[in-house]
Structure formats: structure tokens, C-alpha cells
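Given chain Z, work out where chain C should sit, using these hints.
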Amino acid sequence: MSRALDAARQHDLSTVVDTRHVIVCTGPGGVGKTTTAASLALGAAARGRRTIVLTIDPARRLAQSLGLGKLDNQPRPVKGVDGLDAMMLDMKRTFDEVIDRHASDPARAQRIKTNRFYRQMSGSLAGTQEYMAMEKLYDLHSTGGYDCIVIDTPPTRNALDFLDAPRRLTDFLEGRFLKMFLAPGMAAGKLATRAAGFGAGLFMRAASRLTGQAVLGDLAEFFQSFEGMYDGFKNRAQAVYHLLQQPTSAFVVVATGEVPALREARFFLQRLESDGMPTAGLVVNRVTPPPPAGLAAVTPQAARAAAATLEQDGPESRAAAALLRLHAGRVEVAQRERHAIAAALHGIDPRALVQVPLMATDVYDLPGLTAIGQHLYS
Amino acid sequence: MATGAVPAEGGGYTGPVETSALLDPRLLIVTGKGGVGKSTVAAAVALASARQGARTCLVEVEGRHIFSRLFDTQAWDFTEREFRSGLWGMSIDPEASLREYLDMFYGARRLSRLVASSSAVEFATTAAPGIKDVLLIGKAKELERRRNPDGRFCYDLVVLDAPPTGRIVNFLRAPDVTTELVNVGPIRQQAQSLIDMLSDHRRTNLLLVTMLEEMPVAETLDSAAALRGLGVAIGPVLVNRVLAERTDKAASKAMAELSAADLQALLVTAGVELDAEAATALLDAGAASTKRLQLQRRQRNQLGKQLQVPTLELPYVYSERFSADELGILASVIERAVEG
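Chain order of the listed sequences is Z and C.
Residue numbers are given in the numbering used here: position 121 of the first sequence equals residue 106, and the series is strictly consecutive.
Basically the numbering used here = 1-based index in the second sequence + 176.
Hints may contain errors.
Just so you have them, the derived chain Z footprint on chain C, three or more residues with Cβ under 8 Å [said to hold, decoys possible]:
no.	segment
1	204 to 212
2	251 to 264
3	369 to 376
4	383 to 391
5	443 to 453
Read the hints as simulated data drawn from the structure, not as lab findings.
In this text, a Cβ means the ideal position worked out from N, Cα and C, and glycines have one as well.
For reference, chain Z alone in the conformation it holds in the complex (with noise of 0.2 Å):
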């Protein structure tokens, strides 16, 4: 076992919780982030800092248990904590709110809201779910008042869309293609031949032939609108970037022991490093934690041996026989957790390691949080 890995076993979050303007979690889906950010919340909160949770997607009885009836966009006070308020993200109307804000005149907000395309492309766009969660995370930064916002992040494929998603749109919008669209000709929806150029010509000429004019149409005047915003939008895609590179942010990597987890998490561990991004910890969720020392020197082999002399006999012999069983199989993956994690932070300092053994229950309650934020932050 590496140095590193032993001195992040040694740390936790609390500091983080202790102390951090901007709190990130981030990781694959399925492997516990929103419970993690809300139990960080849960631990600013208790320290006495105005916290926010902002969350994207909550299982429906967790987002109950947080106060979060709808799906609003409005920070709303979590019952029974002081100081603690979460909120749902609605994209479509945070898309709708940066149209307004960025958009020259109500008018021209109004014809881009009208569009069929962005009524489409505002819940579908690759990175718009990721663009928004910056937009309103920035938001509660500049306007909020809150000591701590602790935002978990979309699942995306591999959660590195989330850096990378504000310029990817940015860049789009401004980019070449949009360019063809843009020139002269197209404003009445009518093909360009000339004005583009020949290669844009011919592309028009081939996308016309695929899709049909009305299509282009629409596609022209959605970006027509769109110009002039684009500085704002690229503008606040740094601010967001900016942000969260300061050392007031952390970011938290959710992983579970499981092999694909851990990889996503160790690729994002490395892309956060390359991007100077503040790196606060790695948490695996849902771990079989090693058996006491005493137990422990009894191996899978022995256990099975013991359990066989044993299956003969009465019910309690038989139940030791099952108890010895599962100490087979859970010291087996316990062992197949810590190789996974150890593979996965080879070369790697995540700062902070921290292990959240599986509950006997399922997490969607206050208590249950509590019980998680034991770990994270004792």
C-alpha cells in the first residue's frame, strides 16, 4: 500500500465541511452522490454555516426527506435542520432564465423560448445539464448568502462532461457551423449559395436534401437569435471555472468498491489534477469493512472447513455453519474492495480516503444521512 493512500486513509472531510465555500461531489451514477452531498450539507449545517444542497436528480424519497415536494428551483428550508435549505434544479426554466438574462431585449428572449428547437434542445442538448448546474451554482454564489453550497453533479458518462460541458456549448455556439446558418441569406430561411461559401453552400444543399427547408428555417432563426449572447455565455462558463478552482472549493469523488466505479472515479481524479482543480477527497460508498483483528485471522478456507464439520448438526451448529459462511464471503469482498481501491488510486493522492460501509438499511431519511455523515465527518 502506497504512503499516499495511507496518509488519505488518516484524513476526512471535516475540514471540508469545517470550512469550504463551494462544495463539488461528483462520480458515476448509482454510487451515492446525492446522499453524500446531502450529508455533507448535513455537516456544514451542523457547524453553523448557512448551507444549500443543490441537487439534480433526488431518489423521490430522499428529496421528502430534504423538504423537496417539487420541483421548483426555489431554495427551500429543510424541515427540522437549522440553517440548511435544498433545492431542485428545473433546467428548463434555469435555460429559460439564462435566455432572459443574457438575451438583449424581451423580445428576442421571447422568440428564442418560442423556438422548436429550443424547446427541444433545452432538455436534450449534450452538456446542458451540466452548463445549468454551473449557471445556478454561480447564482448562489454571487446572490445566495450562504457560507457553504454543496451541488452534486449529473451523471454523466464520465462525469468529466461537467468541466467540460460549458465550453463544449460555448464553443459550439460560436463555432464554424453556426457560422454557415448565420450567413447573409439564411435570415428568410432561404438557402445560402453563395454568401457561405462553396463548402457551406454544398452542406446546405445536402442538409436540405436530407431534412427539408422548414427545418433549416428553424435552425437558422434559433441561432440568429442566440447572437450576441455568446460573450455572455462564454464570459460566465470562466466565472464558473474560475470559481471553482479557488481554494475555497472542493471537489468530492463518490465511488462504490466496485471495479468500473473506481475507475471513472480514478480517471476523474486525474483530469481533476490536470485541470488544478482542488481535490478534497475520494468517499467509497457501500464497502464491506475488514473484520476485527480476532476474526480476521480466521481465513475464507478455515471458515468453509469449519462450517462443513458443522452443517451436520443441530440448528445452532447450523447457524454458526451460516455465520461462518458469510464471514467467508464478506472477508472475500472486503479483500476485492481493497485491491479495487488500491488499483484505482495507484499514483494517485486523493487527499482524503474515506470508507462508508454498506448500512443494514437503506439511506433516505435524516437519521440515515446522520448515520453517513458519521463517516464522513466524525
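Same frame as chain Z, now just chain C:
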């Protein structure tokens, strides 16, 4: 012998697909909440199908390289390769699909080169509403429809490891979105042919993968409701990582009543010496496991009551690593189910 899904009157909801008919459709779209083992189960389904003698193609769409690692092969790409007897694998990426599509339908090498060189590709594959997903499903359809020179289908079954449940509705709706935006032309025709494939219950079934835990079950129920609204037939639900039930009731009862001292004494007779702390820890582990089994039973009831779709349970595999051998265990369970 089950007959597969039967379209209900008025479309929409379809009758249940028996587990014995799990492998009967031509395209299986596998989805599930993140973390439930969706890709592992997709691989096990494909392996079971190939072992049953069906020519099977396993397809990944998110470039996560899970299958090449699981089967210990070279990295997968846009070329299908037979890596087990009767089992092919490929990784679809939208850009390659777009190029292939343009080449095939328009013979337009010049056009496709132009498109590939411009940021139009970026637009089509990442930004345009649903286009990326239409391209991915389009490639799946090409595999599903492809015929040998003798007229028979090239593949008996295509298994698509689809995006997780959080994105599956948008994924499957992509062809509809396209037809809403595009009223005429070949793109519309292509999108319509995908809708036809997805809503044909004999051709396409959707397999939901879940675990017997609160959140995965809740998400499965939500997804099933949304997917029925789309008119996609839902095949048997595959329940992954099911802990073995304790069949020995008398022993379970005895376990709950055992004291640490009792346990120490029993284990000594089998040659295992534990101190009091270790015996207590072992009993605690037993009690936690009992709780998880109760939770599992509650969720099984919940799923059965609310979903009314046959389920197939796959065992939790205890091992030091999960590899092709462990996958074989899951595939065997699926094979037994389809053999009836």
C-alpha cells in the same frame, strides 16, 4: 412455451413477457439505474444467448470499455468481432454511424468527407436534439436487419447496452423528436423506421435491470411507467445481486437467539477459536445480513406488486474478482430460465 409480448388493445401497454421468452426478440435494449450492474447483465444475457446457439451481437454505445475488460479482449471499436463462439461485440460511436449512414444511403463520399471535416459532426453528434441517439439506434437497426446473401438474418439477437434509466426515455424518444422537427425527407423516413422497430413487440424488448433495494426499485417502477407510455414492450425484469435466502428456518431462528458465548463454544468444536469481541462482531454481521435479507424481501414484494412483469433473479456472486467466469454463472441462470 411463451409467445412474447402481445400488443394490448389501443397500443401502449403490452402484456407481460414470460422469462422463458426472454431471448425471443431480435433486439434487447438493456437499461437500469447506475450502479446496478446493467452492463454486466447485458453481457450475461448475450453470453447466454450465444451459448444457446443463437448468433448474438453485443453492442455498447457509451464507449466505457466495460466489455473488453470483462471478456479480456482487445478494445472494442466500430467493427464487429467474434470474440466467443457465436458472440460478436462492437462499440458504436455516433460519428462513425453518421459517416456509415451517409456513405450507405447517398454514396456521397465527398459529402461525408465534407461533413466529417466540419464542425457539423460536432453539431450532429453532440448538440442537435436527439440526433446522436438516432444514429446509435440506427446502427442497432442496421445490425438487426442485416441479412446474409442467402436471405437469412445475420444475427439472431442484438443486445444493446443502452444508457441508464435516467436517460433512457430521451434516448428512445429521439426518433419521435426527430419526426416532430423534420417533416419530410430521408431523415424523417429513417426516424420513422426506428420508431417502427422500437414499437414492434416481437422485434424489440426493453430489459430493465435492478437490485432489490429501495432506490433502484423505485426508479425501475418510475421508468417502467414512463416506458409503457412510449409503447415499448418491457421484457422480464432482471434483478441483479440477489443475496441467497436462508432456506434453513430453524437455523435462522437459532442465529437470532445465539449469544457470543454460545457461538464461541460451538465454533471450538469445529476447531475455530474466537475471542468474545470477534464472536460479537460475527453475530453483528449475521444480524446485519438478516436485516438486508428482510429489506430484500420487502423490495421483492414491492416490485412484484407494482410492476406485474415477470422477474428473473441473478445471484450475488461472492468472489475475489468479477471476471468472465463469474459472468458465466449469471449466464447459466439465464439459460436455465429460457430452457424453462
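Those earlier numbered hints the structure runs against, lowest number first: 2, 3
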